[in-house]
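J.: This is what each chain is made of:
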Amino acid sequence: MQTIKSISDNILSIQLLQALPVAVYTCDVRGSIQLFNEAAVELWGKKPVPGVDKWCGAWKLYKADGSPIPPEEGPMARVLKGATIAENEELILEKPGGEKRFILANPRPLFDEAGQMSGAINLLVDITERKRGEIDTSRLAAIVQNSDDAIISKNLDGFVLTWNPAAERLFGYTAEEMIGQPILKLIPPDRLDEENYIMEQITGGNLVDHFTTKRQKKDGTLLDISLTISPIKDRDGKVIGASKIARDITRSRIEEEKLRKSEKNLKELANAMPQLVWITDSKGSVTYFNERVSEYNVPAPPDEIWNWPELLHPEDHNATVKEWKRAIEKSTIFMKEHRFHMADGNYRWHLTRVMPFVDEHGVITKWIGSATDIDDMKTMALRKDDFLSVASHELRTPITSIKAYSQLLSETYRNSNDSFLKNALLKLEIQSNKMTKLVTDFLKLSKIESGKLQLTREKFLINDLVREVVGEIQFVSVNHKIILKEEGEAVVNADRERISQVLANFLNNAIKYSPGADEVVVVIQPYDSDVRVSVIDKGIGINREDHERIFERFYRATSNANIPFSGFGIGLYISAEIIRRHDGEIGVKSEAGKGSTFYFHLPIAK
Amino acid sequence: MRKKVIIYDDDTDLLEVCSLILQSRDFEVITREKCNTILADLEQHQPDVVLMDNWIPDIGGIKATRMVKESDRFQHIPVIFFSANNDVNEMASDAGAEYALQKPFDISELENIVAKAAESERQA
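Here the protein sequences come in this chain order: A and B.
What the first sequence shows, in numbering that gives the first Met the number 0, is residues 0 to 605, in sequence order.
What the second sequence shows, in numbering that gives the first Met the number 0, is residues 0 to 123, in sequence order.
If you're looking for bench data, these hints aren't it; they were derived computationally from the structure.
Check the hints yourself; a few may be wrong.
[Stated by the list, open to error] Some chain B residues close to chain A (C-beta under 7 Å, calculated; not the full set): (1) Val16; (2) Lys33; (3) Ala83; (4) Ile106.
[Unchecked claim] DSBU-like, lysine-lysine: derived pairs with alpha carbons at most 35 Å apart: (5) B:Lys2 - A:Lys436; (6) A:Lys282 - A:Lys329; (7) A:Lys232 - A:Lys130; (8) A:Lys593 - B:Lys3; (9) A:Lys436 - B:Lys62; (10) A:Lys421 - B:Lys68; (11) B:Lys33 - A:Lys433; (12) B:Lys3 - A:Lys436; (13) B:Lys3 - A:Lys383; (14) A:Lys266 - A:Lys232; (15) A:Lys260 - A:Lys321; (16) A:Lys426 - B:Lys2; (17) B:Lys33 - A:Lys383; (18) B:Lys33 - A:Lys436; (19) B:Lys62 - A:Lys216; (20) A:Lys458 - B:Lys2; (21) B:Lys2 - A:Lys46; (22) A:Lys436 - B:Lys115; (23) A:Lys257 - B:Lys33.
Glycine included, C-beta positions come from ideal geometry on N, C-alpha and C.
With the hints as constraints, model all of the structure from the sequences given.
T.: Written out as structure tokens, the structure is:
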């Protein structure tokens with residue numbers, strides 16, 4: 000722009016000024032704003048007050064980097080001070096209300112006829128739209144540059160226009176090598192017609208989405224690729240090229256293959272197991288079952304979702320389903336013995352176990368179940384129960400006659416003087432009673448094992464019972480003295496007979512396993528809520544390792560190996576069961592060679 | 000008049016010893032090793048008490064007892080059910096017998112229960 004003379008009072012000039020689409024304004028030498036056009040008012044967002052506003056009519060002014068400029072340091076002020084003119088200085092102007100506009104400022108000094116500076120004129124070009132466009136473009140460019148996916152653009156003739164760093168890494172060609180080259184360079188010979196298809200879609204304005212194919216690298220190796228190609232349109236909507244995003248799926252293919260193999264492995268494992276295995280959804284409908292299912296009477300062919308309870312024996316159905324539903328409600332493991340309907344029509348006993356699986360929020364997503372065929376074992380167990388019943392019955396029958404005859408004989412010869420005879424008959428009766436007891440105990444043993452033992456409880460003073468049992472056993476023990484120490488009294492609610500048996504068991508053991516000693520002490524100690532009865536001997540004692548196991552069914556502590564096992568007794572196993580059924584505690588304190596203390600606790604009756 | 004007891008059991012030794020015991024208590028004792036003919040037996044002998052074992056051919060003690068209890072003519076006769084089985088009480092009530100005796104028993108138990116049953120019959 001040429002330096003122009005002062006243009007005040009020139010109507011044509013003023014009209015020109017007003018007509019300009021760029022903001023123009025003038026200041027005098029002191030900086031007061033003199034003239035301004037409509038475009039300036041529009042840009043500033045306010046009208047300056049002539050004579051009052053100085054340097055610049057803008058609300059706020061900033062440098063291009065965003066740092067604020069006070070008006071007296073703005074371009075107009077600098078020019079008026081005589082500084083060098085900067086052309087097209089980029090600034091940011093803020094309107095009242097906060098809207099920011101990007102502007103280019105072009106200030107010029109004005110001179111009067113004498114050549115003196117009379118003021119300055121400033122032209123402000125609003126470049127906001129252009130600027131925004133630039134920002135968007137550079138953003139996009141950054142995205143494309145930094146993307147991990149290869150992004151390529153080409154024109155309609157198939158020549159590559161852009162090639163990002165990821166494309167370089169993926170295909171091995173640099174941007175220089177590919178820009179201007181046909182895209183066909185990447186396509187393996189047997190797939191060249193894909194390009195026709197793609198360009199057809201593109202020119203039709205359509206997107207080609209996740210097209211799985213192969214492409215060739217610079218070194219000739221093939222890549223598994225997923226392509227997404229979109230048309231590039233000009234402002235009128237005409238397709239002028241295509242943009243391609245290529246993703247290497249070789250890796251994911253390998254992962255997929257691994258996954259498939261691993262799944263196959265698991266399936267083979269599940270099918271190799273001798274159990275029937277299945278998975279249900281969170282509600283209990285079956286979503287998977289292993290091959291064993293063919294051995295069962297499932298509705299054929301098995302649907303994806305069916306109900307495993309349909310396989311149950313009618314007698315077991317209700318109880319099993321009830322417990323299964325309760326397990327689902329409470330999210331607990333389900334375990335039950337029941338019968339399944341087999342493919343051959345028979346029913347077989349199975350032990351079924353179903354476990355819930357939760358996600359990271361603790362919500363059940365599925366149940367996994369397995370059923371093991373226990374029919375052979377169950378049948379044997381049932382037979383054993385039957386056998387025991389029958390055995391005890393069979394044994395008792397001859398005992399009945401023996402006992403009856405011996406009692407009859409005793410009665411017949413009660414007045415006899417033959418002491419041998421009377422003694423013999425007494426012995427007969429005692430032994431047959433013993434035998435009866437043995438058989439009964441044997442049966443009880445099996446009943447306790449199968450959980451069928453009934454307790455008959457009553458309230459009684461434990462001291463009475465202890466005294467009774469001690470008396471009975473003392474009567475037949477000639478070598479040992481049983482000393483009773485009662486530290487207090489307690490009433491319990493228990494099965495008298497069973498507790499006597501436990502105490503008798505302890506006492507008999509104490510006597511049997513202390514052949515060298517002569518004393519056994521029994522102590523009754525009441526506590527707050529329970530009472531403890533202990534039997535203390537100075538016998539051979541029990542090794543520490545045996546302490547826990549000594550209450551097991553068939554366990555014989557090594558230290559006892561030489562002492563003969565007479566009779567079934569009730570044993571420590573049954574004693575433990577009896578005490579447990581009473582919600583009590585049973586235990587032993589002992590050391591090899593130093594004797595033992597066997598004790599049990601019973602809750603005190605309220 | 001002496002009370003009459005009819006004993007059903009397949010064990011002959013037991014039949015013998017029970018006879019001895021009951022006879023010494025002044026009972027008239029009839030023994031049977033099979034129970035199929037029970038109704039005919041009852042008709043013939045008109046006993047005051049029946050002592051029935053569980054395991055007895057051919058129809059078994061429970062069925063035989065039921066037959067007695069279902070017949071109008073003989074249901075008034077008290078039946079003592081005896082068995083070596085642990086569940087003798089259950090079996091007795093199942094069969095409809097009024098009394099149960101567990102084998103093996105003391106001879107006094109046998110005497111007492113037969114006497115008691117005979118008494119109750121008289122009252123009926």
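J.: Are the hints correct? Go through all of them and say.
T.: Hint-by-hint comparison with the structure:
no., hint, in the structure
1, Val16, "holds (4 Å)"
2, Lys33, "violated (17 Å)"
3, Ala83, "holds (4 Å)"
4, Ile106, "holds (5 Å)"
5, B:Lys2 - A:Lys436, "holds (33 Å)"
6, A:Lys282 - A:Lys329, "holds (12 Å)"
7, A:Lys232 - A:Lys130, "holds (22 Å)"
8, A:Lys593 - B:Lys3, "violated (65 Å)"
9, A:Lys436 - B:Lys62, "holds (30 Å)"
10, A:Lys421 - B:Lys68, "violated (44 Å)"
11, B:Lys33 - A:Lys433, "holds (31 Å)"
12, B:Lys3 - A:Lys436, "holds (33 Å)"
13, B:Lys3 - A:Lys383, "violated (41 Å)"
14, A:Lys266 - A:Lys232, "violated (51 Å)"
15, A:Lys260 - A:Lys321, "violated (39 Å)"
16, A:Lys426 - B:Lys2, "holds (34 Å)"
17, B:Lys33 - A:Lys383, "holds (29 Å)"
18, B:Lys33 - A:Lys436, "holds (30 Å)"
19, B:Lys62 - A:Lys216, "violated (94 Å)"
20, A:Lys458 - B:Lys2, "violated (43 Å)"
21, B:Lys2 - A:Lys46, "violated (140 Å)"
22, A:Lys436 - B:Lys115, "holds (27 Å)"
23, A:Lys257 - B:Lys33, "violated (77 Å)"
When the structure is compared with the earlier hints, violations turn up for hints 2, 8, 10, 13, 14, 15, 19, 20, 21 and 23 and for no others.
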